[in-house]
Every structure is written in C-alpha cells, then in structure tokens.
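Take the sequence shown: its letters are residues -29 to -1, 1 to 466, numbered as in mature numbering (1 follows the signal peptide of the UniProt record, and there is no 0).
No lab work stands behind these hints: they were computed from the structure.
The model shown is predicted, which means the values in this text are computed figures rather than measured ones.
Check each hint, because a few of them may be wrong.
Across the chosen pairs, the derived CB separations fall in these ranges [said to hold, decoys possible]:
no. : residue 1 : residue 2 : range
1   : ALA451    : ILE251    : 52 to 62 Å
2   : ASN308    : ALA403    : 47 to 57 Å
3   : ILE50     : ASN227    : 49 to 59 Å
4   : ARG373    : SER426    : 44 to 54 Å
5   : SER300    : LYS359    : 45 to 55 Å
6   : LYS28     : ASP284    : 19 to 29 Å
7   : GLU396    : LYS171    : 54 to 64 Å
8   : GLU103    : SER372    : 50 to 60 Å
9   : ASN353    : GLY289    : 49 to 59 Å
Distance condition first, Cα-Cα at most 27 Å in a straight line; then the derived DSS-like pairs of lysine-lysine [to be verified]:
no. : residue 1 : residue 2
10  : LYS184    : LYS98
11  : LYS40     : LYS90
12  : LYS133    : LYS162
13  : LYS109    : LYS171
14  : LYS425    : LYS359
15  : LYS286    : LYS229
16  : LYS109    : LYS67
17  : LYS133    : LYS15
18  : LYS162    : LYS264
19  : LYS184    : LYS133
20  : LYS364    : LYS425
21  : LYS335    : LYS425
22  : LYS364    : LYS409
23  : LYS335    : LYS286
24  : LYS286    : LYS162
25  : LYS98     : LYS15
26  : LYS418    : LYS304
27  : LYS359    : LYS286
28  : LYS67     : LYS28
29  : LYS162    : LYS184
30  : LYS28     : LYS98
31  : LYS133    : LYS229
32  : LYS162    : LYS90
33  : LYS114    : LYS133
34  : LYS67     : LYS171
35  : LYS133    : LYS98
36  : LYS184    : LYS109
37  : LYS184    : LYS126
38  : LYS304    : LYS265
39  : LYS133    : LYS109
40  : LYS90     : LYS109
Cβ atoms here follow ideal geometry from the backbone N, Cα and C, with glycine treated the same way.
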Amino acid sequence: MKKLNKMKRKTIITSLTLALLSAVLFSCKENEEAPKPDPIVNVKANAGADQDVLPTKVATLDGSASTGKEDKTYAWAIISKPSNSTLTLSQPTTVKPTFTPDIVGYYEFELTVTSGTEKSQDRVRIKAEYTEPITLDKPITTKTRLFDRFIDPAKHDYLVTKDIPVSAELTIDQGITMAFDRDKSLSIEEKGTVSALGVKEQRIRFTGIQAQKSYWAGIKLYSPSTANAFAFVDVEFGGSRIAFTNTKAGLAMFGNNKAQISLSDCNFTSNDGYGLYVQIGSTLRAFQRNTFKKQTEAGILIDAYNATILDADSKFTGENGRDVVEISSSDIKNGQNVSWPAFADKTPYRLMGNMAIETGWTLKPGVTVEVARDAMISINRNGYLSAKGTTDKKVVITGSSRNTAHWRGIIVYSVSNQNVIENAEISGGGSATIVSGKRAAVTAYGKGARLTIKSTRISNSGGYGIMYTSDAEINGDAAATNTFASNADSNLYKL
C-alpha cells in the first residue's frame, strides 16, 4: 500500500513538471515578435529608354512608364552634362519635361517619383550629336562660330575642300576637328580673327583628311588682332605648300601685317617644314607649354625678340629634323631688356645668322646657344650681354657644328658694366675675321667698351681666345680666372 502511494506521488510530480515546462515554453513563444511581412512597394520610377538626339533641337524626357498610386509626383534633375553646357530643364516636375541640348555630348538625367512616404529613382542617358560633317568651301566674311558635331574626336566635324580666307571673327568651339583636303589652307586675313580655345578633355584639331605629313597647306596668320588665340589645339600633317619664300609650316605668322597670337598647350606634329614659323614683325603675345614633334625641319623658326616669349616648359625635342629652336638672323632692340630661358628638355637655341643686341640680353643658367657657320653676335653700344651660369648649369655658346672654328665670335662694343660672362663655355669661335683682320672667340672693341669674363672655358677658337683693344676694358684677372684650350692663337690678346 505504501509502495503504491509512493508511485502515485512520483507520477503526479512528473506530470506537474511537464505541465510547468510546457507552460514556460508556450509563454516564450507568445512573447517572441512575429516576423513582419515584406513592405508593399507601390512606386517604381522609370526614366525611359536612352536616346540619341540632335543638338539645338527640342527633346523630351518620358517618365510615363513609372508605376504607383495616382497621387505620385515627379522630379527630374540633371546629373551630368558637357563641361561648357548651359542646359536647363523646362518644367522638371512634369512627367514629360522638354530640354534642348546646347552642345554635343552626353547628358544624364535622374527621375525621382514620390507617393506619400514611398520614393523611387531611375536614370536615363541622352547622346547629342549630329549625323554628318559640314563642308567648308567658301570665304568666311561674317561673324562665324563653328560648333562641335561629333563626340568621337577622331571624327571630322568640318571638311575643308577649298582655301578658306577669313576676314571676319571666327570662333572654333572645343572638341572640333577641321580636316583639310589636299593642299588646302586656312588664312586669317588682316581684318579677320581666330579664337580656338579647347580644353584638356576636348582639344581642337587642324588636320588633313588623310593623316600623312605634308597633306594640307597649313594655317596662315596675317591678322594683328589681340583676339587671336589657340589653347589645347593640335596642328598636324600641314606644310604641303610654301608659306613664305622657301619656308613651309603648320602655322605661319606674317610680319608685314604685324600678326599676333597667343599659344598655350598646343601640339604641332608631323608638319612639313616647321611646326611654327614667326616672321620678323609678328608677335607671340603668350607662349606656354607647347610641344613640337616630328617636323621635317626644326619645331620652330622665330626671330630673336620673340624667342624671349618662349617658356621653359615647352618642348622642342622629339624626332624633328633638327631638335633646336631656330632663330632667324635678327636683332633685339627697342629698349626693352629681354632674357632667354633654359628649356626643361635642354633644347638649344640655334642662331641662323648674325644677331645684333641693342638692349639688355640675358641668357639664363643652362641655356645653350648654337651659332651658324661664320655668323656673329654683336653687343652694340646701348646693349649688354649677361650670360651668368652656375657651376652645374653653364651657359654654353658654341657652333651649330661642333667642329673647331665654326662661327665668327662675340664682339662687344657696349660700354655697360652689365656685360658679364661667368660660369660659361665658349667654343668654336674665330671662324673668320671679326675685326681689324683678326679672329677671336670673344672681343671687346672700341673706346669705353667693357666686359667682365671669368670662370669661363674658351676653346677651339680659330684665332685668339679673348681679344680687346687698348681703349676697351676687361677684368684684369681674365687670363687667370678663365681656362683656355686648343685656341689657334694666344689665349689673351691686346689689339
């Protein structure tokens, strides 16, 4: 009996334990948060399919395929457009706003559709360009602006099939390629102007219809206007015809009309003759970061005064017929002191003939000047020469051929105490008589002429190293402070 009661008690305890555990588990399940159903999205923006449209023509965006409640609203925004576009949207809160792409390029728009607290977005891209190039075959006699026609810079926007004289204001938009037929040219006349201002991402190209050297004639600039300017412009494959005398060039500037232009970030490539020819009387108003490669002659032919406008960062070395800056036989005068910079790519200046200095002329450290056969440099009464190098950046004046005695030499008539040659190398002078039947690399000549020359190496002269007259003045330690080598006559001679 006792044993039976004991078993009943055990069964009751077990049942109570199971009941209690079941209650606890049931209670936990009740307290667990029930999973929420996925939200119902009623709004779906649809900005429509990408489009190809024509510039300057009205186009329409279409958000009508968007889904959602009837009370939904629309908001269109311009996400991106060409850098110089001034595009705005007409009625951007309508389902189908209109717009007019003002220039060639890609435009991206975003549509936001809103209904209550729900919002959805979608984007569409618009490609705006023309379908065909334009042919230019008539003189430009009225104010003209050429617009870009294709996004791809390799495509020709304008085909020039005849010589085009320009006697009015001509503006060429960024990104344009003008392709010239065989032997055709662009001439900016005295009453015309040209403004071709590209940007790094959208350069302007003047090229041949066929990409081969000497295919088209090039650009001739007669205009004296200060409005003439090129920036981020490529001039290539020109020079098929003579621009002046026997000279060919991609761009030729003519001095009789005092032509002038500013050039920055331009590339002159694969032109027959020179990339740039600047005739005496023309003016470079500015010249920065230009590059010359693969010309038949040198990259540039320029007069002595305009050489002072060149900048150190421009590049004149790159598979040209002669990797030099050629200086035509010319003078530096008009009372304005000038200096020639040393180029970062170490391009030398090359004097093609005699040069006379009527004002202050400074050669910066690192400058190399090569002088043509039998040519001479004259520092006249009112001028001076300052050629001060450093121990690691010498000023070098030598012959265009580095053979012994190739050029005539430097003669100083100037009475200025600013005539200083220091930390320089002068070689190959004395090729012919410079004065009084004598030859010398450096001469101070005439009453009051003054020259200080020191720490300079004078070598390979066809006559004397330094020569001076009794009424001229040079530094007393000239023989001791300079070094001399392989001069045909004595190192120092008093005439």
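Hints versus structure:
no.	hint	result
1	ALA451 - ILE251: 52 to 62 Å	violated, 42 Å
2	ASN308 - ALA403: 47 to 57 Å	violated, 30 Å
3	ILE50 - ASN227: 49 to 59 Å	holds, 53 Å
4	ARG373 - SER426: 44 to 54 Å	violated, 22 Å
5	SER300 - LYS359: 45 to 55 Å	violated, 26 Å
6	LYS28 - ASP284: 19 to 29 Å	violated, 43 Å
7	GLU396 - LYS171: 54 to 64 Å	violated, 39 Å
8	GLU103 - SER372: 50 to 60 Å	holds, 54 Å
9	ASN353 - GLY289: 49 to 59 Å	violated, 39 Å
10	LYS184 - LYS98	violated, 34 Å
11	LYS40 - LYS90	holds, 11 Å
12	LYS133 - LYS162	holds, 20 Å
13	LYS109 - LYS171	violated, 30 Å
14	LYS425 - LYS359	holds, 10 Å
15	LYS286 - LYS229	holds, 26 Å
16	LYS109 - LYS67	violated, 42 Å
17	LYS133 - LYS15	violated, 56 Å
18	LYS162 - LYS264	violated, 32 Å
19	LYS184 - LYS133	holds, 19 Å
20	LYS364 - LYS425	holds, 15 Å
21	LYS335 - LYS425	holds, 16 Å
22	LYS364 - LYS409	violated, 31 Å
23	LYS335 - LYS286	holds, 17 Å
24	LYS286 - LYS162	violated, 32 Å
25	LYS98 - LYS15	holds, 24 Å
26	LYS418 - LYS304	holds, 22 Å
27	LYS359 - LYS286	holds, 23 Å
28	LYS67 - LYS28	holds, 16 Å
29	LYS162 - LYS184	violated, 30 Å
30	LYS28 - LYS98	holds, 12 Å
31	LYS133 - LYS229	holds, 26 Å
32	LYS162 - LYS90	violated, 60 Å
33	LYS114 - LYS133	holds, 19 Å
34	LYS67 - LYS171	violated, 35 Å
35	LYS133 - LYS98	violated, 32 Å
36	LYS184 - LYS109	holds, 25 Å
37	LYS184 - LYS126	holds, 19 Å
38	LYS304 - LYS265	violated, 33 Å
39	LYS133 - LYS109	holds, 7 Å
40	LYS90 - LYS109	violated, 56 Å
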